[in-house]
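Working from the sequences, and respecting the hints, build out all of it.
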Amino acid sequence: MHLWTRRRLLLSTAAAAPAAGLAAAASAPARALTGTPPAPADDDVVRRIASLPGVRIVEERPDAGPGYRFFVLGLRQPVDHTDPSAGTFEQRLTLLHTSAERPTVLFTTGYEAVLTPRLTEPAVLLGGNQLQAEHRYFGTSRPRPHDYSYLTIRQAADDHHRVVRTFRRLYPGAWISTGGSKGGMASVYHRRFHPHDVDGTVAYAAPNNVDDRDDSAYLRFLGTVGTAADREAIEHAQRRLLLHRAELVARYEAETAAAGTAFRIVGSADKAFEIAVLRAPFMFWQNGGGAADRAALPGPDATADQLYAWLDDTAGLALYTDAVARAYVPYWYQLGTEMGYLDVPTAHLDDLLRHPGATEPRSFVPRDVPLRFDPDAMPDVDRWVRRRGARLLFVNGTQDPSVAEPFPPGRHDSRVLWVPGANHHTEIAALPAADRAEATAMLTRWAARA
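The working numbering puts the sequence shown at residues 1 to 450.
Worth flagging that the hints you see were computed from the coordinates, not collected in a lab. Predicted, not measured: the structure shown is a model, and the values here were computed from it. For glycine and all other residues, C-beta sits at the position ideal for the given N, C-alpha and C. Among the hints, erroneous ones may be present.
What the hints assert, rightly or not - Quick list of the computed label-pair ranges, beta carbon to beta carbon:
{"no.": "1", "residue 1": "T82", "residue 2": "R388", "range": "21 to 27 Å"}
{"no.": "2", "residue 1": "D83", "residue 2": "G223", "range": "44 to 50 Å"}
{"no.": "3", "residue 1": "A441", "residue 2": "P145", "range": "44 to 50 Å"}
{"no.": "4", "residue 1": "A430", "residue 2": "A304", "range": "35 to 41 Å"}
{"no.": "5", "residue 1": "A296", "residue 2": "D350", "range": "24 to 30 Å"}
Claimed, not checked - Derived lysine to aspartate or glutamate pairs resembling DMTMM-like cross-links, with alpha carbons at most 25 Å apart:
{"no.": "6", "residue 1": "K271", "residue 2": "D368"}
{"no.": "7", "residue 1": "K271", "residue 2": "D305"}
{"no.": "8", "residue 1": "K271", "residue 2": "D313"}
{"no.": "9", "residue 1": "K271", "residue 2": "D350"}
{"no.": "10", "residue 1": "K271", "residue 2": "E253"}
If you want it as structure tokens, here you go:
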């Protein structure tokens, strides 16, 4: 579900680095840093980082911004935190260091790490350090060989636990975790298994897929969001796209071949095209849905070329090509084994569909990789949040279908706050004034706990 949030940034990034672009778009709200930091008085921080067990300084990068230093690091992690004999891998981290006396924000996109110096909103509000953890099996944080049985929410939570335990030696003050979309989910899963690692969590646009296997929350949301005219226009565009399937799939296939990639993972251009069409309503509301987007919906006189351009802009046709899909096999594996996946409306298209189950995770995971869904994983997290969750702040947009199933607020010093009319890309700064003040006060209070 969350991969589709990246389509706009993906289309503007180089083909050689699509994963980094997607991960950047997935992150919690961030503030880019500019300028060159002042020369440090000494290299004490370098010595202290290098002395941390299992940590390797890969490089220090420039342009961290005034008062900050930016490092790319590696941390040796167990492949299986319950069995040392399974071996280790190096998890990639980035660090924006300002002072060991300041709070520290633990940040994850849930995917590949962002390798440019960008502070998340909580780090900006707290003036703190920021330690980013790349999710296991993404980017360079990939165990060899790729035994996906070790890609679980518990193993990733244990990765984060080891990160916090290691870096508390350098940063003994308050810790706040954060992430957006899949990164927000990972932050919540970390708290489920290690609730006392951090002093609070800010999760942006994080889905709570507790009932995905038999729930219609997504269908209900997509059946009511916007106006009836908007929804009808999208449905008509979907039908017309499929009625023009032959010529548009041929174009899709030719453009993909010219870009030097293919559809070996998904199976065919025809299947990839059908997936994109089916996902278009979800993607439209998740990433857009504003007045300009609604005005640009294809009308009854739209040509095949105009329909194709709209689909590409809305659903990101490049997402289903091998060049991108290969890097996201771990994501689909997680959806198909623990995290669950969304449902989309198909009744208005049933007579035009050719690929049953095309939108399920199996379409993106090689057949030799088992997919066995654990129906207890998400309900377990949901129960923990409801009964024992503490210091959890969820920031959602009211127009975001990803949070059709939102996390509950938790029972202790927790809140779910909504940005009216916002889509998947939310931030505290966009909340109504009273909610913004409350959220900021919560974050400040948590940071004062240490």
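Check each numbered hint against the structure and report the violated ones by number, ascending.
-> none
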